[in-house]
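Asker: Sequence:
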Amino acid sequence: MQREYPVAPLVGVGAVIVNEGRVLLVQRATEPALGRWSIPGGLIEIGEMLTGAVIREVLEETGLEVEPIELVELLDRIHRDGDRVRYHYVIADYLCRVTGGTLKAASDAAAVRWVERAEWNSHSALILDPITVRVIEAGWQRATTLDWQALDGPGGKTR
Numbered sequence: 001m002q003r004e005y006p007v008a009p010l011v012g013v014g015a016v017i018v019n020e021g022r023v024l025l026v027q028r029a030t031e032p033a034l035g036r037w038s039i040p041g042g043l044i045e046i047g048e049m050l051t052g053a054v055i056r057e058v059l060e061e062t063g064l065e066v067e068p069i070e071l072v073e074l075l076d077r078i079h080r081d082g083d084r085v086r087y088h089y090v091i092a093d094y095l096c097r098v099t100g101g102t103l104k105a106a107s108d109a110a111a112v113r114w115v116e117r118a119e120w121n122s123h124s125a126l127i128l129d130p131i132t133v134r135v136i137e138a139g140w141q142r143a144t145t146l147d148w149q150a151l152d153g154p155g156g157k158t159r
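Quick note on my numbering: the sequence shown kicks off at 1 and runs consecutively.
In case anyone wonders, no lab produced these hints; they're calculated from the structure. Here the structure is a predicted model, which is why all the values come from computation and not from measurement. There's no promise every hint is true.
Unchecked claim - Pair by pair, the computed Cβ-Cβ distance ranges are:
1) His79 - Gly100: 31 to 39 Å
2) Asp83 - Gly52: 34 to 42 Å
3) Pro9 - Val133: 18 to 26 Å
4) Gly21 - Val85: 19 to 27 Å
5) Ile131 - Glu70: 17 to 25 Å
6) Gln2 - Thr102: 32 to 40 Å
7) Asp147 - Asp83: 45 to 53 Å
8) Val133 - Val7: 12 to 20 Å
9) Ile131 - Asp83: 16 to 24 Å
10) Gly47 - Ala106: 19 to 27 Å
11) Gly100 - Asp129: 27 to 35 Å
12) Ala110 - His79: 29 to 37 Å
13) Val85 - Arg22: 31 to 39 Å
We put the CB at the ideal spot given by N, CA and C, even for glycine.
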């Protein structure tokens, strides 16, 4: 699968993971966003469902097991190089909650960390692009309105 100068858009997923008032971010170790902070995610594999790709990508990049709760946003990420398209991704971003695992940077993540809202929603050293901030904000807002106990069912779980 050719990521740079593709012949067709590539389909990817992202995860807005909200836990105890914080959002999980990864620092990218590869292009097209080398060194930048973003939400965990990546490309789906042939035959893989979107939610399955979210679960796999988060585990690969962060060591955490998650449950996708709902779609936050579907968007295009197009990076141009003059009159050519260098990267074109169609990305489905999901609100997720942690169900297990141990946090550690892995796969194509140089670092992972939990970030308070004031840090990602400002001009901090994280340098998040405006689209990422918009997606995180949408996921954050939805997370604050969910009835998490109802999602857990009888007996409940902690999130």
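Asker: It remains to establish, for every hint, whether it holds in the given structure.
Answerer: Against the structure, the hints:
Under the hint 31 to 39 Å, the C-beta atoms of His79 and Gly100, about 34 Å apart, fit the expected range. Asp83 and Gly52 have their C-beta atoms about 36 Å apart, which keeps the hinted 34 to 42 Å range intact. A C-beta distance of roughly 23 Å is found between Pro9 and Val133, which places it inside the suggested range of 18 to 26 Å. A C-beta distance of roughly 38 Å is found between Gly21 and Val85, which places it outside the suggested range of 19 to 27 Å.
For Ile131 paired with Glu70, a C-beta distance near 19 Å keeps the hint of 17 to 25 Å intact. For the pair Gln2 and Thr102, the supplied restraint of 32 to 40 Å holds, since their beta-carbon distance comes to about 34 Å. For Asp147 paired with Asp83, a C-beta distance near 49 Å keeps the hint of 45 to 53 Å intact. Restraint check, Val133 to Val7: a C-beta distance of roughly 31 Å breaks the suggested window 12 to 20 Å.
Remark: the range hint 16 to 24 Å for Ile131 to Asp83 is upheld by a beta-carbon distance near 22 Å. One distance hint, 19 to 27 Å for the beta-carbon pair Gly47 and Ala106, holds here, with the actual separation near 23 Å. Between Gly100 and Asp129 the beta carbon distance is about 30 Å. The supplied range of 27 to 35 Å therefore holds. In this structure the hint that Ala110 and His79 lie 29 to 37 Å apart at CB is violated, the actual value being about 20 Å.
Checked against the hint of 31 to 39 Å, the C-beta distance between Val85 and Arg22 comes to roughly 35 Å, which is consistent with it.
In summary, the numbered hints that this structure violates are 4, 8, 12.
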